[in-house]
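*Asks:* First to last, the sequence lines map onto chains X and F.
Take the first sequence: its letter number 78 is residue 90 in our numbering, and every next letter is one higher.
Take the second sequence: its letter number 32 is residue 1395 in our numbering, and every next letter is one higher.
No lab work stands behind these hints: they were computed from the structure.
Each hint should be verified, as a subset may be incorrect.
As the list claims (entries may be wrong) - With a Cα cut of at most 27 Å, we get these calculated BS3-like pairs of lysine-lysine:
hint, chain 1, residue 1, chain 2, residue 2
1, X, Lys-83, X, Lys-21
2, X, Lys-69, X, Lys-83
3, F, Lys-1432, X, Lys-69
4, X, Lys-82, X, Lys-21
5, X, Lys-83, F, Lys-1478
6, F, Lys-1431, F, Lys-1405
7, X, Lys-21, F, Lys-1405
8, X, Lys-83, F, Lys-1421
9, F, Lys-1431, F, Lys-1421
10, F, Lys-1421, F, Lys-1478
11, X, Lys-26, F, Lys-1478
12, F, Lys-1405, X, Lys-69
13, F, Lys-1432, F, Lys-1478
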Amino acid sequence: NAGVTQTPKFRVLKTGQSMTLLCAQDMNHEYMYWYRQDPGMGLRLIHYSVGEGTTAKGEVPDGYNVSRLKKQNFLLGLESAAPSQTSVYFCASSHDSARLAYEQYFGPGTRLTVT
Amino acid sequence: AQSVTQLDSHVSVSEGTPVLLRCNYSSSYSPSLFWYVQHPNKGLQLLLKYTSAATLVKGINGFEAEFKKSETSFHLTKPSAHMSDAAEYFCVVSISDSGNTGKLIFGQGTTLQVKP
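This is chain F alone, in the form it adopts within the complex (with noise of 0.2 Å):
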């Protein structure tokens, strides 16, 4: 069964330094993941994603992940946060099933504030 566990459920960082949120998975075939931002009273929009292609993955507004195999993780990082960057991050994992329906998993968040 798949499965996904994002480490931090706050992350507070200034803003001009770097981010990292941390996302670990359980697959027992190779996954597809996502990471999803929401900001406040809005839907979900997709940052990046990983398909076994490229195991760094560059996404929209300058944040990167790396899928890491070995270490069953997908960690979303941005070298220099922004004010707007302020928002609940979501790391996904696509549910393998022989239905192919393209069911997710969602991690349950993490809160990113970044103080200026």
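Next comes chain X alone, as it looks inside the complex (with noise of 0.2 Å):
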């Protein structure tokens, strides 16, 4: 199994350009997360999803954008970038099963500038 993997793992853009990062599961979980992780912050959930075809807004999700249409994808827009939007990027995934304590796996992190 690959687990959680993230494209692309690197990314520059301009101000104002779009993007999309890619997420993929194959431990058939229910439960999908973006992330984002900035120096002394920990990691700030993004969105979410808790079932194909549902997301929702976590702690941090002005500016982006979140689309769950394939149970093993999540997708993660950002529809003009801002500089504030350079971070690390992290996808995770995990059962909906509270007897599990919603352990969340990560993918690797995509790190994107916005210059």
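Please assemble the complex out of the two chains, which come individually in their own frames, going by the hints.
*Replies:* Written out as structure tokens, the structure reads:
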């Protein structure tokens, strides 16, 4: 199993450009999440999904959109990139089981720079 | 509301000496708690988790953590540090909401430096 994969690994954008980050998981997990990581701030939840076709806002959703058209994929879009969106983005997935404490499995991250 | 505080942003130890990374949490419910580790330029890996079973939780690579409800703490320890333990460590608490969304709250992280 590949686990959670993210593409691309690195990207540089100019202000105003758009892009989509792709997250894929092969563990048949119901739940998926997008985080951003900034120095000294831990990880902050951008958006999440509790199943195919459903999405919801997290702690810092502004400037981002997401889609979950297939259970195994979770896309994060930036419509008009801003320098404040320079960050490392992580995708995660988990079972929909309280018994498993919703343990999350993380991808390797995407380092995005907006100039 | 739930929250988590990592009491040290940076900890430095010598190889072979004990490691203590401190974490306090706040939760209205009986929480699930996790420690994740992130090596440089890598993703996050689960070290261990507490889910209301045994209060002393053993994880990978010799790490363990003790859940102390009276102190609202979940400190991470290791008897003897290894150079490969140098990384950033995150204490994490699950959000108990009616939607059972599995959302997590991350602490700010503690950078562990291991000196030879």
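*Asks:* Now tell me, hint by hint, if it's right for this structure.
*Replies:* Status of each hint after checking the structure:
no. : hint                       : result
1   : X:Lys-83 with X:Lys-21     : 22 Å, holds
2   : X:Lys-69 with X:Lys-83     : 18 Å, holds
3   : F:Lys-1432 with X:Lys-69   : 31 Å, violated
4   : X:Lys-82 with X:Lys-21     : 21 Å, holds
5   : X:Lys-83 with F:Lys-1478   : 45 Å, violated
6   : F:Lys-1431 with F:Lys-1405 : 30 Å, violated
7   : X:Lys-21 with F:Lys-1405   : 11 Å, holds
8   : X:Lys-83 with F:Lys-1421   : 33 Å, violated
9   : F:Lys-1431 with F:Lys-1421 : 15 Å, holds
10  : F:Lys-1421 with F:Lys-1478 : 24 Å, holds
11  : X:Lys-26 with F:Lys-1478   : 40 Å, violated
12  : F:Lys-1405 with X:Lys-69   : 26 Å, holds
13  : F:Lys-1432 with F:Lys-1478 : 33 Å, violated
Violated hints, listed in ascending order, are 3, 5, 6, 8, 11, 13; each of the other numbered hints is respected by the structure.
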